[in-house]
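Visitor: Chains C and U, in that order, give the protein sequences. The first sequence finishes on residue 268 if you use the working numbering, and the numbering steps up by one all the way, no holes. The second sequence finishes on residue 589 if you use the working numbering, and the numbering steps up by one all the way, no holes.
Keep in mind that the hints were calculated from the coordinates and are not lab data. A few of these clues could be false.
[As the list claims (entries may be wrong)] Here are the simulated distance ranges between beta carbons:
(1) C/K128 x U/I309: 54 to 60 angstroms
(2) C/N204 x U/A497: 42 to 48 angstroms
(3) C/K182 x U/R563: 34 to 40 angstroms
(4) C/Q155 x U/L469: 32 to 38 angstroms
(5) U/L469 x C/R17: 41 to 47 angstroms
(6) C/T14 x U/R563: 48 to 54 angstroms
(7) U/G570 x C/Q155: 38 to 44 angstroms
(8) C/Q263 x U/S506: 39 to 45 angstroms
(9) U/E561 x C/Q58: 43 to 49 angstroms
(10) U/R563 x C/R17: 52 to 58 angstroms
(11) C/D132 x U/V587: 47 to 53 angstroms
(12) C/T14 x U/S538: 16 to 22 angstroms
Backbone N, C-alpha and C fix where the C-beta goes; we use that ideal spot for every residue, glycine too.
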Amino acid sequence: MSYIEVKDLSFSYTGKRMILKDISLSIEKGEWVAILGHNGSGKSTLAKAMVGLLEPNQGTIAYDGVVLTNDTAYDIRKKVGIVFQNPDNQFVGVTVRDDIAFGMENLMVPQKQMLEMIDFYSEKVGMKDFLDKEPSTLSGGQKQRVAIAGILAMQTQVIIFDEATSMLDPYARRDLIEYIQKLNQEGITVIMITHDINEAMYANRLVILKDGTIFSDGDKWSLFKQPEIFENSHLELPFSLKLAAALDDSLPEEKAVKDFLWQSISNT
Amino acid sequence: MKNIVIGQYIPGKGLFYRMDPRTKIISVITLMIAIFLLGSIPQLLVAFSVCAVMMWVGNIPVKRVIRGMKPLIILLLFTFFFQIFFNKEGKLLLDEVMHVTVVSVLGIVLWTIIWRLLARIGKFKTVLLLAYIMGIFVLFRFLPFGYSFTTFRFAIYEKGIEMSIFVIIRLVIIISLSTVLTLTTKPTDLTQGLESLMRPLKIIGIRSEDFALIISISLRYIPTILDEAFKIMAAQASRGADFAEGKLKDKVKQVISLLVPMFIIAFKRSEDLADAMESRNFVPGKPRTRIHELRFGWTDIGVGVFTLAALALTIVLKVIG
Ligand SMILES: Nc1ncnc2c1ncn2[C@@H]1O[C@H](COP(=O)(O)OP(=O)(O)O)[C@@H](O)[C@H]1O
Ligand SMILES: [Mg+2]
Numbered sequence: 001m002s003y004i005e006v007k008d009l010s011f012s013y014t015g016k017r018m019i020l021k022d023i024s025l026s027i028e029k030g031e032w033v034a035i036l037g038h039n040g041s042g043k044s045t046l047a048k049a050m051v052g053l054l055e056p057n058q059g060t061i062a063y064d065g066v067v068l069t070n071d072t073a074y075d076i077r078k079k080v081g082i083v084f085q086n087p088d089n090q091f092v093g094v095t096v097r098d099d100i101a102f103g104m105e106n107l108m109v110p111q112k113q114m115l116e117m118i119d120f121y122s123e124k125v126g127m128k129d130f131l132d133k134e135p136s137t138l139s140g141g142q143k144q145r146v147a148i149a150g151i152l153a154m155q156t157q158v159i160i161f162d163e164a165t166s167m168l169d170p171y172a173r174r175d176l177i178e179y180i181q182k183l184n185q186e187g188i189t190v191i192m193i194t195h196d197i198n199e200a201m202y203a204n205r206l207v208i209l210k211d212g213t214i215f216s217d218g219d220k221w222s223l224f225k226q227p228e229i230f231e232n233s234h235l236e237l238p239f240s241l242k243l244a245a246a247l248d249d250s251l252p253e254e255k256a257v258k259d260f261l262w263q264s265i266s267n268t
Numbered sequence: 269m270k271n272i273v274i275g276q277y278i279p280g281k282g283l284f285y286r287m288d289p290r291t292k293i294i295s296v297i298t299l300m301i302a303i304f305l306l307g308s309i310p311q312l313l314v315a316f317s318v319c320a321v322m323m324w325v326g327n328i329p330v331k332r333v334i335r336g337m338k339p340l341i342i343l344l345l346f347t348f349f350f351q352i353f354f355n356k357e358g359k360l361l362l363d364e365v366m367h368v369t370v371v372s373v374l375g376i377v378l379w380t381i382i383w384r385l386l387a388r389i390g391k392f393k394t395v396l397l398l399a400y401i402m403g404i405f406v407l408f409r410f411l412p413f414g415y416s417f418t419t420f421r422f423a424i425y426e427k428g429i430e431m432s433i434f435v436i437i438r439l440v441i442i443i444s445l446s447t448v449l450t451l452t453t454k455p456t457d458l459t460q461g462l463e464s465l466m467r468p469l470k471i472i473g474i475r476s477e478d479f480a481l482i483i484s485i486s487l488r489y490i491p492t493i494l495d496e497a498f499k500i501m502a503a504q505a506s507r508g509a510d511f512a513e514g515k516l517k518d519k520v521k522q523v524i525s526l527l528v529p530m531f532i533i534a535f536k537r538s539e540d541l542a543d544a545m546e547s548r549n550f551v552p553g554k555p556r557t558r559i560h561e562l563r564f565g566w567t568d569i570g571v572g573v574f575t576l577a578a579l580a581l582t583i584v585l586k587v588i589g
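If we strip away everything but chain U, and leave its shape as in the complex, we get (with noise of 0.2 angstroms):
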């Protein structure tokens, strides 16, 4: 348990490694904004590309961005169908009426179980899943057999269509930008960033300093508290404790004879903490100097400068379109 990885800062070397922290959130935000006034599809394509380009540039891993997606991946299935389902403008393209009967619902537990068995093998469970959807439909439709409950009718709409594939594009643009964000700043500097950025918060009696101490403290204690999770878990499995088996109860039982132990370290581990810190004359609110000082360079300028001018052309077209 060396090695657990927070955030997914992968280190590296490119244009937004040396961008300071606060230029890569501002830009992210400014972009982001800058996605959403835009109008149709073909803009967003456009947008899409400058995307691709610049993670080419930065030399962003591809493999990674996609993989930072998957998280997301029942949201944007989600909005997909949501927008098929219930946006009912535009030209008709589909119109099926949809049996739900004694054999289609028999239909749907076997496909139900089926989908359960192959996700159990682990690979391509998002095609599953699209599968699955897909198969539900196709069932609903094509087994009108049986004592029929009720039926009802699946209508697509070009506009329908035309939404899903916009606010998708939208999605992937969003996530993109951010897991850039989150791949090549590492989660010290982006607290810092933030805590630079949240400083005239002063004024309504926010202090930004004691949020991103709380946040540096919390990443450097989480891997030394999962490692003690993992050596409690291992000293009850000698005793005979099963984390994976067992009945609810069970599993409840043993949960709280990890979180009860894990408490009590955890509390004497911030008191102790609380007295390292205060022994080295740490005195809250008190100003301090920093080890990382976050310096504009000339990357930052440019960057700046280019997500203005996109923020700039997005309001353009917004006012012409």
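With the rest of the complex left out, here is chain C (with noise of 0.2 angstroms):
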């Protein structure tokens, strides 16, 4: 059994309409996993409901054995934390020091361990010197890695961003991203939720979502060799990718490459 364990998933917040339908998905622990899908997919949904902000109708999601409930809510969230899209709306200390320590507070970690671990986290997301700054001091990408440090500093193993870079600036956007790439490797979980395939393509596997179903999931090279998967679910695949797949591996034939310019230049 894989560390997380998404099972038979189904959510509506009406009770009519169906966001999510069925949803059957297996994480391995160290793993960077994409879930990929266009707006309205159903993409927060789901993350929301596999930190158990939201009860599912049906189907259950599980952390290394332990199915998530109500009981359980508490001592899951210890190993799985959340970064949001908006980084004004998450972060809830007067400081960058307040902020950090938030989870901490709330798991009654002692004030000394907190301090020591606001030292550790804060120097690893590169916010160490703005520990007594305010949050309408920092920029956005500094918002976001305070809200890393905050979540690191709970000791979790698990870490799911919401299109938490969606409201950054390129550079911002990168700069962060290397963040999650140092602690992927430092064997975090990433599971990265976006409806941008460039930053998708961090991953090795992508999980697409459409209208609230997984549409297709695996190695993102052999999704990409299928570029129809992306038009189905509205997603734009960038141009590389594009000829990549127009070329279909084999070595660039100049017929094949002049073609393919030729027909995304008159579609355009």
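Mind assembling these two chains? They're in different frames, but the hints should get you there.
Guide: In structure tokens form, the structure reads like this:
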């Protein structure tokens, strides 16, 4: 059994329209999975269900064999953290230090130990010089790094990023992803939720969500060879990948390249 | 809009910065009670000097304390004139007949216009206000010309003057005391101090932790929300809205066009925030440890003893006097 097991998960906010339909997903420890889907495909709903913020209508979510319920949510959230899209709406503390401390305070970590952890994890995300700063003086990227430090300080094993980079500028985005890569190398399981294929490229495995169902799930290179998967799920492939798909792994023949270029020009 | 300051706190060092917020809050309240027990101007003047010395010892910038009094000037003036007008005890010092006549009323209208025009310059507002009030008396007294609507007597008694000075000194001391508290205590420390002091209220079902969390989240979000308001205003200004000018009706419309998006964003924000807090294992009512622990030090003991001594002394004075 995998570390994270989502089984036949279905969810509806209203009781009528199902937002998630029979989602099944197994994720191993230390994996980096990208969950890719168009706007409204149910990504955030899935993310919230996975940390117990929403209760599924059907199906189960289990971490390390423990099924997520109201009773186990508290303990499971020690293992799984989530970074949301809007950097401002998840910054609880008055200062960076207070915000990193928030989760630990909830876990009743003694003050002395909290201070050590804050030192360690703020250093790790490059925010040690900002501990006394207030959120209104920080950039979006810095706030997201503080959020990560706050989660890591709770000794979390899995971090779900729900479009955590989408409100950042391109530089801050790349910067944040580099931090996430480091964490993944150190063994943190990363679930990267995004609608941006470029960002999904950092993962090895792609899970494509379409209208609340898993449309495909597999190694990214094998999926890129089937561009119709992306088209059908309303996702735009980057030009380089379209080209690669058109060439179909064979040595680039001049005619194939030319044909592809003509076609993409006439399409635009 | 990066540096919106909430509260009056100014970073610094000194006696009062080293103190635990709880001691500061209790001391200020105790000293206020002591001040109210004092019954004469000389006693108050002594208290005032003691306060001044305390501020000097604690390195409190006097300018800031005075600035802290500015919003309360109307209150000060009101109490001052209230005592002067309505206290009719003691020796009669001044008794004048005031004339409400066509000329004096016109003069006052003119005087009001001059005052408003001068006030536009923006400086010496308080002095101008005082001059304006004085001017009204002068006009009523010395312009008994034209058709007279009515007359009234304006009398000042000894006790009136005395009481007004007494009340003013008392108010000034009390405001200074609270200003010292807010100048030297971060809003977050203040909240935490209050929370800690209010903890016994748990018996009657008031959870001070919730209260403290609400305050600290508000403190954290005020700059963000203001920032947002400015952004929305800028966006609407770029579409031709003008928040400064225009008729009342237009202004109301603009304020609504500002409030509606702000409320929608605030709701979304609070939902997000609740999710973020819950995902980090916040459970309302569950005990938590704190990153900032309040600790009493030697300064607290010193100031505490001083405060109690001051209270004891005033009680003794009250009993003897
Ligand atoms: N709180 C809610 N109440 C009702 N419907 C919601 C709520 N949140 C999201 N939805 C609906 O669920 C669908 C999926 O939303 P979401 O999970 O946020 O998608 P994504 O994150 O992929 O953009 C959308 O159609 C959205 O309108
Ligand atoms: Mg979403």
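Visitor: Determine for every hint whether it applies to the structure shown.
Guide: Tested hints:
Take C/K128 and U/I309: their Cβ atoms lie about 56 angstroms apart, and the range 54 to 60 angstroms holds. Separation of C/N204 from U/A497 is about 44 angstroms and conforms to the stated range, judged on CB atoms against 42 to 48 angstroms. A C-beta distance of roughly 37 angstroms is found between C/K182 and U/R563, which places it inside the suggested range of 34 to 40 angstroms. Checked against the given bound of 32 to 38 angstroms, the beta carbons of C/Q155 and U/L469, roughly 35 angstroms apart, stay inside it.
The given range of 41 to 47 angstroms is respected by U/L469 and C/R17, whose C-beta atoms sit roughly 46 angstroms from each other. Taken as a hint, the range 48 to 54 angstroms holds for the pair C/T14 and U/R563, whose Cβ atoms sit roughly 51 angstroms apart. Range check, U/G570 to C/Q155: Cβ separation about 42 angstroms, and the 38 to 44 angstroms hint holds. Checked against the hint of 39 to 45 angstroms, the C-beta distance between C/Q263 and U/S506 comes to roughly 41 angstroms, which is consistent with it.
The given range of 43 to 49 angstroms is respected by U/E561 and C/Q58, whose C-beta atoms sit roughly 46 angstroms from each other. A C-beta distance of roughly 55 angstroms is found between U/R563 and C/R17, which places it inside the suggested range of 52 to 58 angstroms. Judged by the Cβ atoms, the range 47 to 53 angstroms given for C/D132 and U/V587 holds: they are separated by roughly 49 angstroms. For C/T14 and U/S538, the Cβ-Cβ distance of about 21 angstroms falls inside the hinted range of 16 to 22 angstroms, so the restraint holds.
Checked against the numbered hints listed earlier, the structure breaks none of them; every hint is satisfied.
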